[in-house]
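**Student:** When you get a sec, could you build the whole thing from the sequences and use the hints?
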Amino acid sequence: MKNWMNEVLNILKGILTLLTEIRLKEQEKAYRQRTMLNKYEVMVLLQITDTTYRHCVKKRLLIPTHIHSIDMYNVEDLQGALEESRRKGRF
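Residues in the sequence shown are numbered from 1 upward in steps of one, following this note's numbering.
Hints are supplied without guarantee of correctness; some may be wrong.
To be verified - DSS-like mimics (lysine-lysine), calculated; alpha carbons at most 27 Å apart, straight line:
hint, residue 1, residue 2
1, K13, K25
2, K88, K59
3, K13, K58
4, K13, K29
5, K2, K13
6, K25, K2
7, K13, K39
8, K39, K2
9, K39, K29
10, K39, K58
Rather than coming from a laboratory, the hints here were simulated on the basis of the structure.
**Tutor:** If you want it as structure tokens, here you go:
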């Protein structure tokens, strides 16, 4: 009887391990497929400082979408800013 219970326990542990791996892979996949970036991710991507970021927003070079008072950017909308950053040799 005890061997049977140990075998079931081992099978359940294996299932838990597989489910954990699947969950981690799905989270990683979702992160790679993200289409929205926050202010800090944009600053890192464009290699700009906070001051430059605020200047770009003021000049409407970057136009954020406000989600719960957080500046968010669609990746596709940043193409112009990325090209300008590359032109200046930052990226």
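**Student:** If a hint holds in the structure, say so; if it does not, say that too.
**Tutor:** Each hint tested on the structure:
1. K13 - K25: 19 Å, holds
2. K88 - K59: 18 Å, holds
3. K13 - K58: Violated, because 55 Å separates the two Cα atoms, which is more than 27 Å.
4. K13 - K29: Between K13 and K29 the Cα gap is close to 24 Å, so the pair holds against 27 Å.
5. K2 - K13: 16 Å, holds
6. K25 - K2: 35 Å, violated
7. K13 - K39: Distance ~41 Å between K13 and K39 Cα, so the pair is violated.
8. K39 - K2: 57 Å, violated
9. K39 - K29: 22 Å, holds
10. K39 - K58: Cα-Cα ~14 Å, so holds.
Checked against the numbered hints given earlier, the structure breaks hints 3, 6, 7 and 8 and satisfies all the rest.
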